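Asks: Residues per chain, in single letters:
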Amino acid sequence: MSSEMNGFNEERIGRLLRLLSPAPEGWVRAAQELPAARAMLDELVARAEQDAAFRLQLQADLERAVAAAGYEPSPFVVSRLRQLLRTD
Amino acid sequence: MPVEQSDAQLVSRCREGDPEAWNEFVERFSRYVYAICGRGFRLAQHDAEDVFQEVFARAFERLAELRSDDAVRPWLAQLTRRLCIDKLRLLARDNPSEADPDEQAIDDVLGELDEAMTVRAALDKVGDPCREILDRFFCRDESYRTIGEILQMPAGTIASRISRCLEKVRSELDGRDRGSQPS
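Heads up: the protein sequence lines correspond to chains A and B, in order.
According to numbering that gives the first Met the number 0, the first sequence holds residues 0 to 87 in order.
According to numbering that gives the first Met the number 0, the second sequence holds residues 0 to 182 in order.
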């Protein structure tokens, strides 16, 4: 089947390409940093499970407790940690 | 020109823990997920960002559960769709005027985005400089003048280059179709 027959003429190719504009760079970067963030989350959750004082700090002020533990409390890490602690 | 990997090859590298593979995975599918949130479900930017991050977080956590590495695109589309609907329902709780989305209209948009991804894959195979010229013109909405300045090409030649590049993409799509026909 040629591209004329399947509808992929030049005009349509241009129109379809227009649909895929780039996502904001910051979003892409945050998603690319997920593996590192995931490792950080695993450490924080493990520590919260073993250390009652740290768990209380997280419950009282999650962002401050994350920062005090030496991690960057990015919005993604904070919201994900909230979810993980809720379900744990 | 770098050889573009198939979706399945990329997913396989992600599973093996290749640190570069995840970056490429996000790069390859970020526009698709973004378009589903924005064009498909018309989410406001901050709501789309929540869904976008959640999609990639879940994809990262659940990539190992994917039954067929070739099916990653529909799997991501389905995941994004579900999370967009969850977001809209959450918003509707606070603001009942937010109606459930028109499923047929969403299907139509998703169908078009799927075709757009096929065209995008063909463009990736064609490679630079066509990839960059077409991306700047169609996806980033840059003018001939801006493209000319950035790529150090006379602005007057950009239109003809775009036309030639579109032909190349079309040929690539033709080749793909011929390749997929039974012999």
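Since the hints were made in silico from the structure, they are not lab data.
Since the model is a prediction, treat every value here as computed from it, not as a measurement.
Accuracy of the hints is not assured; some may be wrong.
[To be verified] Listed next, the in silico SDA-like pairs over lysine to any residue satisfying Cα-Cα at most 25 Å (straight line):
no., chain 1, residue 1, chain 2, residue 2
1, B, Lys86, A, Ser78
2, B, Lys124, B, Lys86
3, B, Lys124, A, Arg11
4, B, Lys86, A, Pro21
5, B, Lys124, A, Ser20
6, B, Lys167, A, Asn8
7, B, Lys167, A, Gly6
8, B, Lys124, B, Gln44
[Said to hold, decoys possible] Stretch-level coverage of chain B by chain A, calculated; a stretch enters the list once three of its residues show a Cβ under 8 Å from a Cβ in chain A:
no., stretch
9, 50-56
10, 82-90
11, 113-119
12, 123-130
13, 142-149
Glycine included, every Cβ here is placed at the ideal spot set by N, Cα and C.
Asks: Going back to the hint list, which numbers does this structure go against?
Replies: 2, 8, 10, 12 and 13
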